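Participant: Chain by chain, the residues run as shown.
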Amino acid sequence: MANALSALKSLEFSPLVYSTGVITVLADGIVKVSGLDGVMMGEVVTFENGKEGLALNLSKTEVGVIMLEDSTGLAVGQEVKTTGRILSVGVGPAIIGRVVNSLGTVIDGKEQFPVTDYAPIEKIAPGVIQRKSVSVPLQTGIKAIDAMIPVGRGQRELIIGDRGTGKSAVALTTIMNQKGKDVICVYVAIGQKNAYLAQTTALLERFGALDYTVVVAASAADTAASQFLAPYAGTAIAEYFLAQGKDVLVVYDDLSKHAVAYREVSLLLRRPSGREAYPGDVFYLHSRLLERACRLSDEYGGGSITALPIIETQANDVSAYIPTNVISITDGQIYLESGLFNAGVKPAINVGLSVSRVGGSAQIKAMKQVAGSMKLDLAQFRELEAFAQFSSDLDPKTKARIDRGQRLTELLKQGWDNPMDVTEQIVVIFAGTRGYLDTVQKEQVSTWEREFLEYMQSDDDGIYTALKKEQKLTEDIEKLLKAKIEKFNSIHSELMIGE
Amino acid sequence: MTALIESAIPLQDKEVSAVKTALAKRYSDSLEYSFVVNPEILGGLRITVDSSRIDLSLSGRLSQVSSALQQ
Chain Z
1 MANALSALKS LEFSPLVYST GVITVLADGI VKVSGLDGVM MGEVVTFENG KEGLALNLSK
61 TEVGVIMLED STGLAVGQEV KTTGRILSVG VGPAIIGRVV NSLGTVIDGK EQFPVTDYAP
121 IEKIAPGVIQ RKSVSVPLQT GIKAIDAMIP VGRGQRELII GDRGTGKSAV ALTTIMNQKG
181 KDVICVYVAI GQKNAYLAQT TALLERFGAL DYTVVVAASA ADTAASQFLA PYAGTAIAEY
241 FLAQGKDVLV VYDDLSKHAV AYREVSLLLR RPSGREAYPG DVFYLHSRLL ERACRLSDEY
301 GGGSITALPI IETQANDVSA YIPTNVISIT DGQIYLESGL FNAGVKPAIN VGLSVSRVGG
361 SAQIKAMKQV AGSMKLDLAQ FRELEAFAQF SSDLDPKTKA RIDRGQRLTE LLKQGWDNPM
421 DVTEQIVVIF AGTRGYLDTV QKEQVSTWER EFLEYMQSDD DGIYTALKKE QKLTEDIEKL
481 LKAKIEKFNS IHSELMIGE
Chain A
1 MTALIESAIP LQDKEVSAVK TALAKRYSDS LEYSFVVNPE ILGGLRITVD SSRIDLSLSG
61 RLSQVSSALQ Q
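Here the protein sequences come in this chain order: Z and A. Each residue of the first sequence is one higher than the one before, starting from 1 at the first, in the numbering used here. Each residue of the second sequence is one higher than the one before, starting from 1 at the first, in the numbering used here.
Treat the hints loosely; a few may be bogus.
[To be verified] Here are the simulated BS3-like cross-link-like pairs (lysine-lysine), alpha carbons at most 30 angstroms apart as the crow flies:
#: 1; chain 1: Z; residue 1: K193; chain 2: Z; residue 2: K365
#: 2; chain 1: Z; residue 1: K60; chain 2: A; residue 2: K14
#: 3; chain 1: Z; residue 1: K123; chain 2: Z; residue 2: K181
#: 4; chain 1: Z; residue 1: K81; chain 2: A; residue 2: K25
[Said to hold, decoys possible] Chain A side only, calculated, beta carbon under 7 angstroms to chain Z, not exhaustive:
#: 5; residue: L45
#: 6; residue: V49
#: 7; residue: S52
#: 8; residue: R53
#: 9; residue: D55
Since the hints were made in silico from the structure, they are not lab data. Computed from a prediction, not measured in an experiment: that's the story for all the values here. The beta carbon of each residue, even a glycine, is placed where N, CA and C say it ideally should be.
Work out the full structure, taking the sequences as your base and the hints as a guide.
Facilitator: Have a look at this one:
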């Protein structure tokens, strides 16, 4: 009751001058309207029953409107009115922890959160002057990524691979790792099965990630229009927090389904189609979305939006239309291979083909110091991998390269539900790249890692604190760490070779 | 172009000329006028020129109130 009274008191009557039109065609989620002179592109229009639509096709004789809600109650001949506003999502601080749809309405069964602001779905990305270069790391908690393909706050890093290679898992591990790091996460689910979405939300809740995450969901059961708008809604929500100077992570899972939804909407609007029947502006669809990820300079608040779009390839083909489009837009890609996944390398990251165009600027000095040689070691190992079966017949140098490569590969394997803190990553990668694992049995490397981290947890000789403070590997820290590892290796002879 | 002017009750002569003057200024002198009584708008005026609508009616305001309450 109080809500109603305050709503009445604060009611501002909207413009009394608007445009009207008449529905001429109503089908497939698209409404064709005659009249509606002066309607803007992307303007919200209302139907007689109060439902809303979005004007997307402006032509001489008619306006193509996509329905934002279902079509019940609409009929040909009804009146359509313009509203003078562009599509926006209602946001507020209480949106965190909720599951919303593309229009900002909650769908998790609880009460609507109080809306304090409206964030526009379409917005021009910040220009060059407003930005600052990416220099702060976004820790994913995944060793292979943080060491060799580091992601920075404000970067766009694509996660690309076939179905079932662990793309969503990489994104979810990253979200889980943002606990306590003052990063707000937005997970946009496009075209996913409702059951899978429920599973994902339950997972986020279980790991306490919903305390800092918003889920925007347009499942496979939702209209193509809803799926088309979902990533923009997620970005709008992220921009609300960006304006407050916060760091935000947005995951788009996945943009392949997004392109398909847009293709459906475009074809129904009778727009001309191009390659693979996608509309001509499918590149712009993604480029304008991803350009909104940025790092702002201090005078504009200093916040950032990091984007992790996901693309699903068919048969590992990264040269298909949509994958090449998105690869050229993003600042690097994490390439997941089904071959590696099936061989047990999880996360199935192909380090050779993956790249981060921000690179070392997004790493703390300590990580650069320990992981610098790892990419090269692994590259050399990959060249010699075919000879690993003949290991007894090889010269010592080649054998050493293969041994090192095998141990580093084992070290980089990680459970999706086990994001690792960056200081722990540094100590284990230090052990790997400086050769302290060369004497450990290959199959025992993961056990070594687990037990060594437990050993460090009980007493780390102040190494973790020193690392957190210095952010780099000083001589003293190195000395302490070396001693610690050597001591651990001497105690645990059961993990060493030759026992 | 025809301007359709709807009112809830028949308009007096001076009201009719006031409306005509205002509309002529906004559109053009060659505008044709059609005055209709439509009790459904409850009060005020509702003017439609082609697809442009100027809604100064009571029913228009009431529908805004009802949608504000629904939210």
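Participant: So, for every hint listed, does it hold in this structure?
Facilitator: Taking the hints in turn, this is what the structure says about them:
1. Z:K193 with Z:K365: Not OK: Z:K193 and Z:K365 at ~42 angstroms, beyond 30 angstroms, violated.
2. Z:K60 with A:K14: Distance ~39 angstroms between Z:K60 and A:K14 Cα, so the pair is violated.
3. Z:K123 with Z:K181: The hint holds at about 28 angstroms.
4. Z:K81 with A:K25: holds, 24 angstroms
5. L45: With Cβ-Cβ at 10 angstroms, over 7 angstroms, it is violated.
6. V49: violated, 9 angstroms
7. S52: Since the shortest Cβ distance to chain Z is 6 angstroms, the answer is holds.
8. R53: holds, 5 angstroms
9. D55: holds, 5 angstroms
In summary, the numbered hints that this structure violates are 1, 2, 5, 6.
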